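First residue of the sequence shown: 22, per our numbering; consecutive thereafter.
Wrong hints could be hidden among the right ones.
[Claimed, not checked] In the EDC-like style, the derived pairs of lysine to aspartate or glutamate whose C-alpha atoms are separated by at most 20 Å in a straight line are: (1) Lys37 <-> Glu54; (2) Lys33 <-> Glu51; (3) Lys65 <-> Asp76; (4) Lys65 <-> Glu49; (5) Lys52 <-> Glu68; (6) Lys62 <-> Glu51; (7) Lys65 <-> Glu75; (8) Lys62 <-> Asp72.
It is worth saying that the hints were derived from the structure and are not from the lab. Because the structure is a prediction, the values reported are computed rather than measured.
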Amino acid sequence: MARGQRKSIEEKIQAKQEVLDALLVRVESEKRELAELMEEKRRKELEAVNDMIEDYGLAPEEVTMALQQFMDARQAAS
C-alpha cells in the first residue's frame with residue numbers, strides 16, 4: 022500500500038510554528054475582547070453610581086465626604 026510523502030522535520034517545525042503563531046494571535050484577540058468587556062462593566066458600574074448621586078441630588082464633594090466618613094468609621098471599627 023503506497024503512502025503519501027512524509028514531511029521533513031523542517032516542514033513539521035514550520036507547521037508547528039504556524040499553529041503557535043495562530044494561537045498567539047487568538048490569545049491577543051481574546052485579551053482585547055476581555056479588556057473591552059471589563060471596561061464596559063466598569064462604565065456601567067460608574068453610570069449606576071452617578072445615577073444614584075443624581076437621584077439624591079448630591080454634589081461630588083458631598084459624596085466624597087460621605088465616603089471618607091464611612092471609611093474612617095469602618096477602619097475605627099476594625
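Tested hints:
1. Lys37 <-> Glu54: Between Lys37 and Glu54 the Cα gap is close to 26 Å, so the pair fails against 20 Å, i.e. violated.
2. Lys33 <-> Glu51: Outside the cut-off at roughly 27 Å; violated.
3. Lys65 <-> Asp76: holds (16 Å)
4. Lys65 <-> Glu49: Violated: Lys65 and Glu49 sit about 24 Å apart, past 20 Å.
5. Lys52 <-> Glu68: violated (24 Å)
6. Lys62 <-> Glu51: The hint holds at about 16 Å.
7. Lys65 <-> Glu75: holds (15 Å)
8. Lys62 <-> Asp72: This hinted pair holds, its Cα atoms lying about 15 Å apart.
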